[in-house]
Amino acid sequence: MNKFTFRGGVHPPYNKITSNKKIEALPLPEVLYVPLSQHAGKPAKPLVKRGDVVKKGQKIGEADGFISANIHAPTSGKVKSIMEHPHPVFLENVPTVIIEADGDDTWFDGYGERKDWQERTREEIINDVKEAGIVGLGGAAFPSHVKLSPPPEKKIDTVIINGAECEPYLTADDRLMQERPEDMLWGARLIKRAVGAEKVYIAIEDNKPKAINSIQDALREFDDIELRVVKTKYPEGAEKQLIKALTGREVPRGGLPMDVGCLVHNAGTSIAIYEAVRFGKPLIERVLTLSGSGAQGKGNYLVRIGTQFSYIVGKTGGTSGDIKKVIMGGPMMGISQYSLDVPVIKGTSGILLFTSKEVKFHEPYPCIRCSRCVSVCPMGLLPLILVDLVKYGRLEIAKEQYGLLDCIECGSCAYICPSHIPHVQWIKYGKSELRRKK
Amino acid sequence: MNALTGALLTMAILGLIFSLFLVLAYKKLKVEEDPRIHEIVEILPGANCGGCGYPGCSAYAEAVVRGEAPPNLCAPGGQEVAEAISKLLGLEIATMEKKVAKLMCRGSIENAVRRAEYTGIETCRVADATLKGDKACVYGCLGFGDCVRSCPFDAMYMGEEGLPHIIEEKCTGCGICVETCPRDILELVPIERKVFVFCKNIERGAVARKYCKAACIACGLCVKAAPEGTMKMENNLAVIIDWKSVDEHAEEIIAKCPTKAIKLDEKFAEVEV
Ligand code: SF4
Ligand code: SF4
Ligand code: SF4
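Chains as they are written, first to last, in my numbering: chain A, 80 to 517; chain B, 131 to 403.
Among the clues, some could well be false.
Claimed, not checked - Computed cross-link-like contacts, EDC-like style, restricted to lysine to aspartate or glutamate with a CA-CA straight-line distance of at most 16 Å: (1) B:Lys330 with A:Glu171; (2) B:Lys340 with A:Asp420; (3) B:Lys324 with B:Glu240.
No wet-lab data here; the hints were simulated from the structure.
Required output: the full structure, derived from the provided sequences and hints.
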């Protein structure tokens, strides 16, 4: 089969140890911590107050503006309080709805299979997705309804369902494709209808033969969808790289996939969209991978949004060895955590517990001008120059002439650098200084 | 012979024409630079610190002469320079309050709880923008010393307890460190002021207490002890409104604080407490 790919990239050890572990639903915790901000954009406005009784799936936070997302109660119970609680992305305490579960797990009234779900129109689908508070489950957590409603002059002809899962360790999408291929394909079909696209591709990296087989089998019923096997290379699953690999189109600088007629949704998101349209089910749970040499119960788990990391680790057998680092997401683009007392949010694709086996810290050395970072950068940037420009405060030059804002923070440069220069930290800092100046 | 005189003559005439042109151009295009600008530059300390808000001493001098800036913006120069400039320009004698920078955080290695080991780029600004440093409190001093490196007068150093110190004799109050610090915990204050709330954590008292032994836990006892209207509670922090009156009642007020977040600045404490 013809394999698609892009220019640049690296080959970190993939360590997909949990690829054969069936998705397991964890028991419901007694208390859930649901932050009002779990997505790109403005935090949701709370709709409940202390003492309120809520049902599973009831809306407890209303999207504030277009680029924002609804938040729902992950189970039935009582609102214990709304207060500041640690957050895995902001790394500080932010407003969080704390819910005491009543153990009955009773659904709200709007839940149930819709007879006409296969015939839902484009407006209905977009509305279902919006109501369900669905955001990109790959990690970036961009509200999905926004992606589904491009301005009329941007015609979308190609939908790509991203099952590349190029981050090492993570296998949540891999498992979903193995276990629920039809649901995912139905989601893909609904997305296609919502944007009126002509083509739908499912993209999977060639290191996931089981997922490829399972999708191939299921595709017999879906002749409107095509499978595309892509080369295993990091960051194959990055939006712009995937578009380039499959269609040869290049998203312009500062532009979005819709500028080249494409729309990319993650495999997990596709299933969430299917569930929202068919059952009116809000996004209150997700599959994540627990892995790393410090985790006893490595595997793929279905957990409610708002479950504390510590609960998941505890329920799966605890830790082993001396934990040096906890990461939410993958090792390349994930976020280091300060504590396990943070909740799972919509974008939590994995929890990695690393011991000294995986974590090695090296003092950075001066740049030796080897240009390896340049050859691996999938965006065609000059990471070594960007670092120097940011370091010495030449932010305008970095932005205008060297494309500072085009960096997707994939970490390929920092990974390959023999001098262990932390490019991405400098680049993130540079971007934040630019925002501060505005 | 003829050719030689001809050539010499041509050169001489040409030279005359050009010099005439130059003289005329000089007369016509001459820009009067106010001599006072130069005089003021001479008066200014020449640190080019930028604390006045202008890109260097001569830019400030120009602005003052043009009447766009008051004569008392140069903190390093202090009262003396302000007076000299006022006199030179025939203005009313401007006064200047002597201010120094002060750190409003006591989250030392001993006091502040660490939540992790930080192995990234060791500057306060980068740490704040990316991983937020290693302390549990995200409002306090990060301790990487950006302010110390930024001080143009060498008036700061990092103490062993992990916090920056300001040498008040050297501090000119230029405010560069205040601008540099990503956490807004350095403030310019009148040099004679004594009592401060050394904490900027706006979280609930119970949380702040968990994060730092020296935190203001928002109990409000100091506000009750202070004379009516001189202090208030805001964002879980005690705020001093009228510092002169609070300084007068220093002892009663600071005795109440359970965490010693509000207290005399060290230099006064040595003498008085
Ligand atoms: S890979 Fe590292 S050492 Fe090589 S050019 Fe890039 S920054 Fe310099
Ligand atoms: S510069 Fe940015 S896009 Fe390029 S390799 Fe580094 S992190 Fe990735
Ligand atoms: S006062 Fe500010 S700039 Fe100085 S060390 Fe502390 S955080 Fe850094």
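So, going through the hints one by one against the coordinates:
| no. | hint | in the structure |
| --- | --- | --- |
| 1 | B:Lys330 with A:Glu171 | 15 Å, holds |
| 2 | B:Lys340 with A:Asp420 | 15 Å, holds |
| 3 | B:Lys324 with B:Glu240 | 24 Å, violated |
Of the numbered hints listed earlier, the single one contradicted by the structure is hint 3.
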